[in-house]
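So the protein sequences, as listed, match chains A and B.
Those letters in the first sequence? Residues 1 to 413, by this note's numbering.
Those letters in the second sequence? Residues 1 to 893, by this note's numbering.
Hints are not guaranteed to be accurate.
As the list claims (entries may be wrong) - No more than 30 Å apart at the CA atoms, straight line, and that leaves these computed lysine-lysine pairs for BS3-like:
#1 A/K194 x B/K642
#2 A/K67 x A/K276
#3 B/K42 x A/K187
#4 B/K42 x A/K121
Just so you know, the hints here were simulated from the structure itself, not pulled from any lab data.
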Amino acid sequence: MAEERRITLINYGKIDPESISDYISAGGYKAAEKALSCKPFDIIEEMSKSSLRGRGGAGFSTGLKKKFTSEACTLCEQKYLVCNADEGEPGTFKDRIIMENDPHRLIEGMIIAAYAIGASKAYIYIRGEYYKSIKRLGKAIHDARQEGFLGSNIFGSSFSTDIEIRLGAGSYLCGEELTMLESLEGKRGYPRIKPPFPAGKGLHGFPTLINNVETLATVPVVIEKGADWYTGMGTEDSPGTKIFTISGDIKKPGFYELELGLTLRELIYDFAGGMKEGVDLKAVLIGGAAGTFVDETVLDTPMGFDTLKEKGAVLGSGAVMVLGHNKSIPGMTQSILEFFEHESCGKCVPCRVGMTQLVRLISSVNENGTGHKNILDEMLTEAEFMAKTSLCPLGQSPVLPLKSLKRYFAGHF
Amino acid sequence: MEKVKLYIDGKEIITSRGSTVLEAALSNGIYIPNLCHHPDLKPSGNCRMCIVEIEGRKGQVISCMTEVEEGMVVRTESQEISLVRQTTLELLHANHTQDCTNCHSNNTCKLQEVTAFVGVDEERLSRLRRSRPEIPVDDSNPFFTLDHNKCIMCGICIRTCDEVQGVNALDYGFRGFSTLVSTYNNQPIKESVCESCGECVVRCPVGALYVKESKVPTHEVKTVCAYCGVGCNIYLGIRGNKIVSARGDRESIVNKGRLCVKGRYGYSFVDHPDRLRTPLKKTNGSFEEISWDEAFDIISEKFLKSKNKFAALTSAKVTNEDNYVIQKFTRAVMGTNNIDHCARLCHAPTVSGLVQSFGSGAMTNSIDEFTGAKTIFSIGSNTTAAHPIIGLHIKEAKRRGAKIIVANPKEIDLCRFADIYMQHYPGTDVVLLMGMINVILEEGLQDSEFIKTRCEGYDELLSSIAGFDIDSVSEITGVPANTIRDAARLYAVNKPASLVYAMGITQHSHGTDNVLAVSNLALVTGNIGRESSGVNPLRGQNNVQGACDMGGLPNVYPGYQPVESKQAAAKFEKAWSARLSRENGLTHTEYFTEIEKGNIKALYQVGENPVLSEADANHVKKALDKLDFFVVQDIFLTQTAKYADIVLPACSFAEKDGTFTNTERRVQRVRKAVDPPGEAKDDWWITCEIAKRMGAAGFDYENVTDIVEEINSLTPSYAGITFDRIREEGIQWPCTVSDHKGTKFLHAEKFARSSGKGRLFPLLYKASVELPDEEYPLLLTTDRSLYHYHTSTMTGRVSGLKDIEETELLRINPADAQKMGLKKGDKVSVKSRRGIIKVMADIDHSCPEGVASLTFHFPDAPTNELTICALDPVSKIPETKVCAVRIETCNSE
Ligand SMILES: Cc1cc2nc3c(=O)[nH]c(=O)nc-3n(C[C@H](O)[C@H](O)[C@H](O)COP(=O)(O)O)c2cc1C
Ligand code: SF4
Ligand code: SF4
Ligand code: SF4
Ligand code: SF4
Ligand code: FES
């Protein structure tokens, strides 16, 4: 049986999260010190070699993103680092676990990332309801400043940076990176159009690196132990570990940091204690609302960004929701679509009106017990149309779950 | 601008880099359906209608947000494009009111246009349609309505309010399907910060925002707004004999299509039932209608008898031609230079001050040059309220990166855009400005070359500057020393810098000194005589510049030719075949004292309302009672007209031809749009008839053109501005010959003074005449509202404007209010040494502690009964910006 492999959560439960000296005694801020004695370019190389992929959902190469941002313009008067701590994906709470239990790890990761790209200012955009995280991060930033880890001439180098916390306004869409930048600029949380990409023109028009909390909190260990060590874990296309948050009809819901490449079956039965008494597994929703439904035929697929993709599924944020035989698939679909309908910002026509059309279609299924034969196709056509023309990824989101439903659960509609 | 070549639907197109594919297509006659695009606004990509395909790019891209690139190959039509557009459009229609016939925008609606082009599948549509709760319309604004049920969420109104108007009254409210165009907190538009400019309404592509009382006009007449000195160009829409619409002229360099609330919605006074229709004669205290003949007989007889005790008040609201004729009548027929007008109460120090320092008392630059300035320094001007469209130019400059400095005792709206704000104590402008000059000299930031080659009097200036050390300056003005330093540095270094001022500078007993301090600052830094760089007094009335230019002043003939100059007098005597007085006449403010003394017995007043507008108005009323004979020529029976013996009905701006000269010296055509009510006549015609009855020659003009020709022949600065040349666009004086383009900015090579140099002046701090003391502990200052004009003779008869702002409010700082136990809405009496008025209190952070403010718009609260008639010795302007008052609650009454 596989074991938990706590890399990012290595300090979980072992240190007092509010004590910087605890963190330092546990080897903290060594990686940052090491990083600042290297050339930024070397850090980026190391990150690229580690193949660490973004933990916020999209799974983009972290090294590459840093590279783009650092090369965006060498003469820019300003670059920014933004940590995405908005954690809005339903069923996901891994970032909160990190921030509440080891805030300095995130800060250390941010110092390294900021140094690598040359950002003199960093923001943590955090979900407003995460009171405890906000408090702990606030203290951690304060203490780090006192210790000289933030501010001017960090570790005696010529590098200076600082971190500011900004509270999110409780909208799912603000977790989307371009919308987050609008929000950080003090505007309404409306998405921007890509291009330009934030790496070239982000916050206030300057190159900006945006990474998820888990991604950034993983950076110190990669720098400390090296890319080779890191790629020794996980699979080839998805090295390292991932924090999964599992919920639903299982015995032991919670979070587990595991090497990628393990199977759903292992996650559900070895870690989450298996299905609740008397409940059979019907479906698993991976990746939150913007994720995908799979059935038991996928239970033995090693989980990685690319292997899941072959099965029409996504890893996403690492949220896993297990649905028992007594759960209605169309019912679950309706909740997801209603979630999107509610979170659509309303700026562009296809998403604003399209989402309500999807909800209307799915509720016709739920009200009548079953819809007309082609209802799933009709919804998919609508969703595909939306995906083509919506302004931002939210409008493109329903297509994935609907596609997976068609692949695995067509008979339920 | 760099050019780019691309291909759209196989057509080769050359366009400038930076433009979008949509713009390139539209400007080359290729239609791409679009709903959220507007040429004045940044693209936002909401409607997804403008998709195209571009070779080498994945899928469909939205053309309104894609910049053109060299060699780009664009296709605007394909099966996929049509399908996507149609589907999007169907979604849009699924939520849209189906009833077009009842819509204000039927036939002009862009949704109809796009639908006709793209097409919808009725069957799919009927499946998509679902009953949607009717959302209540917002009809709180008196001028326009917002009907959410027709809104297509293009965001054009929201972006307009942000990008054009800088007000941000509107935004998207709520989320997803419930998203609505909303105000802050979703309150009714009328309660929001909306300024009712209507810019959003004109841009709404559908019928969601529409003008309440709108009718389709049968034709339009191009003319000039009748309110403020900006002189916005408008098209009045006419149906029958009625103005049914007004829109800004997008071609006009002055306003580029934009209008403020008064200019767009403020014309219903023109056919108001109160308009004067026949001459009136007062018998036994009440007016009776008389014929024009009878009126002329009485007037000519009385005027003949009062030739050496006569004075005239001409008007900043009437045309140049009217003004020319009235001053000519006064000088040539009545033999006196007692001619003046309300410029005495607003910009007399500008004329007296700037003539001394630069040689010419007008805005040195053009309105459209503001957007090119790097620094704009606004002092003593509530620009966005009193000159709204110039306010927009300044906001635009800010968006383009200009730095804004505001100096104003009240924290005015423009402060939202200010990089530096100096809240100086009223009446301390000389100190503030000389303090800035001191900083500039200390830090060596002056333009020494400019001072050396183009100025004189530098040593004299230096002799007085020592008194303005930064610590005393900071102490007297109440502005922190560092703020003054920062402002001085910015203005001196970040060039070109343009300075604007208005009555906060002029309406003081040391108004001329204030103006000289302003010109000193500009001269020392070389911020004058260049594009986007100069001194710009914003003139108040629509034609106050013209009334001055036309010699509606006691010391100058048209074109500022001095009456004391032998040559000038000889020239006009010859032209007018009359003996002219070589003595300067009396000023407006002196009239009333002279009337009381019996030295003036007959007064001829055109389009003015001194009972409300003159400082110490009670004194004016007493004087008017003493007159032997008083003729008022106006469009309404004003508060002053009630004192008249004869009242003559005149045409309003919409009923006459002629020219107005706006604040930037631009002479513009005013055109007759409707017939006057009853027997109302052109002002010039009335004056000519009086002159003719008095046996004078030289008043038999057939039409306005005849007068314009005479003006051209006698006024060098207007010589080249013939009626024909300004048919489309106005010309800025000086324009000396008929092939001269006019003058965009003044003093380019040399100053208009005889030496050709600009003059610097030594100055001293002089305190305002009446400052608060124990008995009258608060300083009262006066200002203006965006929604009303002067004594509200016109705006008070526009119901919508009344609806927005009905009555006078005394604005007072929360701290003062607390001290007096005052709440918003309390009735208070405001008492000065001269009078007492009753108004409601409004607690307002924009007033600093110790300062209260009132407008002077409302007849039922005549502010000028409180103000003091302390005159500037040079220009004779009264100190309406500073006097001392006491405030008491009187709720019980
Ligand atoms: C609608 C929407 C919501 C999102 N919400 C989050 C979020 O809450 N947290 C997050 O880290 N990323 C979120 N993302 C992904 C971010 O846009 C972005 O990809 C991520 O922050 C990049 O970080 P990474 O490269 O470290 O994964 C969201 C994306 C979309 C489209
Ligand atoms: S796709 Fe949806 S969430 Fe994204 S911009 Fe359009 S309406 Fe807003
Ligand atoms: S009328 Fe003017 S101020 Fe009011 S919402 Fe429209 S654009 Fe904004
Ligand atoms: S009110 Fe008009 S301009 Fe504003 S979003 Fe709706 S349709 Fe567009
Ligand atoms: S700014 Fe002045 S001229 Fe222009 S519309 Fe308003 S009142 Fe009329
Ligand atoms: S015009 Fe381009 S999206 Fe609306």
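Quick rundown of the hints versus the structure:
no.	hint	verdict
1	A/K194 x B/K642	violated (68 Å)
2	A/K67 x A/K276	violated (46 Å)
3	B/K42 x A/K187	holds (15 Å)
4	B/K42 x A/K121	holds (29 Å)
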